Amino acid sequence: MREDHLITFDHVTKRYADGTVALDDFTLECPTGEITVFVGTSGGGKTTALRTINRMVDPTSGRVLIDGQDIKEKSPAELRRGIGYVIQQVGLFPHRTIRDNIATVPYLLGWDKAKARTTAMELMQRVGLPASMAKRYPFQLSGGQQQRVGVARALAADPPVMLMDEPFSAVDPVVRAELQQEFLRLQSELHKTIVFVTHDVDEAIRLGDHIAVFRTGGELVQHATPADLLANPADDFVASFIGRDRGIRLLSFHTADDIALHDSAVVPASATRTDARAALAGVDGEPWLLIVDDARRPVGWLSAESADAVPESGTLGDAGLLPIGNTFQVGVDPLRSALDSSVLSPSGRAVGVDADGAVLGVATQADLAAAIRAVAAGDLHPHALDRAGEPDEPEPAGGA
Amino acid sequence: MEWQWLPGHLDDLATATAQHLQLALLPVVLGLIISLPLGIVSVRWRWTYPPIFGIANLLYAIPSIALFVFMSQYVTGLSVVSAIIPLALFTLSVLVPNVVDGLKQVPDPVRQAATAVGFGTLRRLMQVELPIAVPVIVAGIRVATVASISLGSVAGIMGLGGLGELFQDGQQRDIPSEVFAGIVLTILLAFVCDVILVLVQRALTPWSRARKGAAA
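First to last, the sequence lines map onto chains A and B. All residue numbers for the first sequence refer to our numbering, where the first residue is 1 and numbers rise by one. All residue numbers for the second sequence refer to our numbering, where the first residue is 1001 and numbers rise by one.
Simulated from the structure, these hints should not be mistaken for laboratory data. Hints are not guaranteed to be accurate.
What the hints assert, rightly or not - If you want a taste of the chain A side facing chain B, the calculated C-beta under 7 Å gives, among others: (1) Gln89; (2) Pro94; (3) His95; (4) Thr104; (5) Arg117; (6) Pro130; (7) Ala134; (8) Tyr137; (9) Phe253.
As the list claims (entries may be wrong) - With beta-carbon atoms standing in for the labels, derived distance ranges: (10) B/Asp1108 <-> A/Gly19: 21 to 27 Å; (11) A/Thr216 <-> B/Gly1054: 55 to 61 Å; (12) B/Met1126 <-> A/Asp356: 57 to 63 Å; (13) A/Thr216 <-> B/Met1126: 51 to 57 Å; (14) B/Ile1033 <-> A/Asp58: 35 to 41 Å; (15) A/Lys113 <-> B/Thr1015: 43 to 49 Å; (16) A/Asp235 <-> B/Gln1105: 44 to 50 Å; (17) B/Tyr1060 <-> A/Pro130: 48 to 54 Å; (18) B/Ile1033 <-> A/Ser61: 55 to 61 Å.
A quick note: this is a predicted structure, and the numbers were derived from the prediction, not measured. For glycine and all other residues, C-beta sits at the position ideal for the given N, C-alpha and C.
Isolated chain B, as found in the complex (with noise of 0.2 Å):
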């Protein structure tokens, strides 16, 4: 493999990696918005959850090339926002289920004594119910943020910007290094980002962590 494509190209590196971040992100960020009242409804109105379970799974399983190509063609264009709905609604098949399980797991007599000294259903939610759902919803996160990094390469091939592009690129031109630094990169975003949820669940849930330091 030739290397010398590299040092010149360190720029476009860098310039693709955030993009390539941006498209795989944004979708998580917007993912989990969505997730977050699609759950809550779901545990509170348990007949809502298979279907709403069923068309987020159902969206999964629509082939993404698929998606951005109808994206870009018809929809949205060729711009990266074309990448960034698809990419979220994939990821509503790991946080939605996430969401409500992480919900449907606070003890229920911890649901009852937060009833009991006075929460409203919004507080108790809020200050409660969510809070003790964080681990599981942190690794929904993961999950979904992992996929979403890789897939986001599919985009790229598809012209819509990121890591994908060096591969469209690099294989046209026969830059094999190009190729390889795609690869390389893309790895190493999702190893960086996961090390990060890593961190801010720990930050955010010192009595989770002090329980897995108890229990080793």
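The following block holds chain A by itself, in its conformation from the complex (with noise of 0.2 Å):
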């Protein structure tokens, strides 16, 4: 059984004394055991709205619900406790090691000193962190380890709803990705019910199940799956926010099972000439021929002049194959896996797998294609189409 834990902002507007808004009159609701992202740009009052939750910020006006209950009427303190926080900076208590950091809020809850502690080591283990750290401090830490800390001390109490705001931002590149596909993995174990603020767009749609779009003014510009922020921006401010390829990555969203796939093409490393030209016979358009091994997976591919070159006696195996490249797996990857294959082919084809990494079958540019129109008939709606058309976007004067 599994409580609701949505929270819901009910026409929230903060406003300071000198009469910044910083949120105007915003409402939403962040579904139970989702990750709902906040972007925007800076001053468009994502964090406010974040800040509401646990009442760092109280609103002007307006209520901020949790499970249908105003949180006002709890103390601060007592609401705290029950909410997870992460912070950019971390900010982990430099004169407390590891474990008693992560163990915080369950001291704070008056928890057994040794269970808060066992705790605390298990959640390491579950953030990745091994057992020996401890008793190390902060600083001994690099800043990506710091952060599983920081997520750790936010899992510590086990609190049904998390805030993260910009949790990944401060560490490079490399760790970020590492942070945010553990985060996935974490989330689908956890099912915390998550807010979730960042500037970055990428961040936002690979991490978010739903994504609200902020802009300066504290105002709430658009709030759609991740997909259809792609295939739909509400205007051209969101458009120009989520940037360049948005048709490309919108492919991430659609899983490559509907793509025709041949296998007439697949040959056996250990086939001959005369196969070879069989296969070919049997082949559309370019005259390419993959290579498997005996567990269909894929070696090589054999373009027809190599497959001509070999010699009577020889097999296809020993010929001068091309690299593969990238191969997609059938029902798992995206659409857009498959077309990062077939760019990346020598033979402008895309592989198919399967769990195991044996070959179901090649897709050609124009079986992508025809996957492609479908997720556009599917997921762009006509108005989305047709705004270029819309007057308040003045052609310029003597135009094309």
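Mind docking these for me? Both chains are given alone in their own frames, and the hints should help you get the complex.
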């Protein structure tokens, strides 16, 4: 049985004494067990919105509810102990060991010391920190390790709600990708209700189940799933904020299982020149053979010319094969991976494999184009496509 | 210099040293007890810092002899208390700013994280901010302690007890070795106290010692 822990913003406005509006009549629901990402330009109010949830900021008007209950009904300290909080600068306590940092909230909640420490040790393992670090101090850890401790500290008392304010922004891109991946893995086990703030739209698209886009002035511009945001940005601001290549990026949200796959050009490495000629007769378009091993795993591409050059007695596996590049797993990897596989392949064809890496078939660029058209037909709504013709975008005089 | 005075007066030296220890260290303890709340108030309500620090600093401008004379003549009489109270006031000019600096250098993300995980104001102060301020506060205590041991000799000259009385006595009765012993013991006392404070700080802040080890 899982309780509801949805977060509701009900017409929340935050106006500071100097008249600055940080958050303007913000209404939104962040669903239970899912990741809602707040993204936007600086001054867009996303951090302010996040902080109204644990009362680090009190709204000027409007209410914030968790599970239908107004958060003002609890004292700030009590409320905060039930909400995990991770910030960019981590903010570990320098005078406490890693283990005691993680056990902070259990200590505050008055848990038995031994139980708090056992929990801390379990969490270290969970976030991928070796137990040997338990008695070290924060400064002895790298930035990435510190943020793992930060995440573990937020999880220690198993709060249903987690707030994360640009948690992965201060580390280098390699570590960030690693932390993001582990974050998604953790979330798939823990199903917390997470509000995640970032200024990085790629991170938002990668991590979010839902994305709320903010604009300077504290205005919520669009709330959508990542795929819908890419396909149908609400206005020019959102479109330009998402940036280039959103069509390509949209392909990340569709698995490559509707692509036509051909296997007539797939031949074993043990085959001969005669087999190759027979196979090539059945291949449309450019004459390429995909050579596979006994387990049908791809070995390399063979052009018709190279196949012809194989001596009568030799096998194709000994011929001059070209590297495969990337493959895509059918039904798992997105269409974008299939496209990538095709672009990087010397044959221009994408190699589809199953979970064991065995070849299921190859797709031509025409096959991929058909699959891409299907995505566009399903996702892109006509009004979005018509936008260019709307009168609010004046045509330059004497146009094209 | 003639040394024969010394062997017969080891007891006197020990008594004077013990007395000096008391009249120099009690003021530091008192000063710390006063400085902690003053420093905390100064950080929490920033506008209070200039007047608080200003007064602490002005107290230090009073010549120590004048204050010792005033206390012993008109307030607390010819007792060690007349040394302890002025010396305690003198420590404030060092201790208050160090408490303030120590609290101020708690990194903002740490304070923010502490608030966000659910520390109340008092608990955050006791369990996060003050522990992190310990190295800076102890640095202040070290200066205050050595200064207090040194100024304490002046109190002795005024007849309020401690190693200073050796200077007074040695000068009046022309026993240079007694004066010399007083100087050596004062320096020794300051040195030993300082070493003890360094050790106490290391024991209290392993995280700070480790930091230095890593930087080296």
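Status of the hints after comparison with the structure:
Residue-level restraint check for A/Gln89 holds (minimum Cβ-Cβ distance to chain B is 4 Å; threshold 7 Å). About 6 Å separates the beta-carbon of A/Pro94 from the nearest beta-carbon of chain B, less than 7 Å, and the hint is met. At its closest, the beta carbon of A/His95 sits 5 Å from a beta carbon of chain B; the interface hint therefore holds under the 7 Å criterion. The restraint placing A/Thr104 at the interface with chain B holds, with a minimum CB-CB distance near 5 Å, inside the 7 Å limit.
Given the 7 Å rule on beta carbons, the hint for A/Arg117 is violated: about 17 Å separates it from the nearest Cβ of chain B. Hint status for A/Pro130 relative to chain B: violated, with the closest Cβ pair at about 18 Å, above 7 Å. Among the interface hints, the one on A/Ala134 is violated; its C-beta lies about 14 Å from the nearest C-beta in chain B, farther than the 7 Å criterion. For the restraint placing A/Tyr137 at the interface with chain B, the shortest Cβ-Cβ distance is roughly 4 Å, inside the 7 Å limit, so the hint holds.
At about 33 Å, the closest approach between the beta carbon of A/Phe253 and any beta carbon in chain B exceeds 7 Å, and the interface hint on this residue is violated. Taking the beta carbon of each, B/Asp1108 and A/Gly19 are about 25 Å apart, inside 21 to 27 Å as hinted. Evaluation of the 55 to 61 Å hint for A/Thr216 and B/Gly1054 yields a failure: the beta carbon distance comes to about 43 Å. The supplied range of 57 to 63 Å is met by B/Met1126 and A/Asp356, whose beta-carbon atoms lie about 59 Å from each other.
For A/Thr216 and B/Met1126, the Cβ-Cβ distance of about 40 Å falls outside the hinted range of 51 to 57 Å, so the restraint is violated. Distance hint check: the CB atoms of B/Ile1033 and A/Asp58 are about 36 Å apart, consistent with the given range 35 to 41 Å. Between A/Lys113 and B/Thr1015 the CB atoms are about 47 Å apart, so this pair conforms to the stated range of 43 to 49 Å. Taken as a hint, the range 44 to 50 Å holds for the pair A/Asp235 and B/Gln1105, whose Cβ atoms sit roughly 46 Å apart.
Hint check: B/Tyr1060 to A/Pro130, Cβ distance near 52 Å, so the stated range 48 to 54 Å holds. Remark: the range hint 55 to 61 Å for B/Ile1033 to A/Ser61 is contradicted by a beta-carbon distance near 46 Å.
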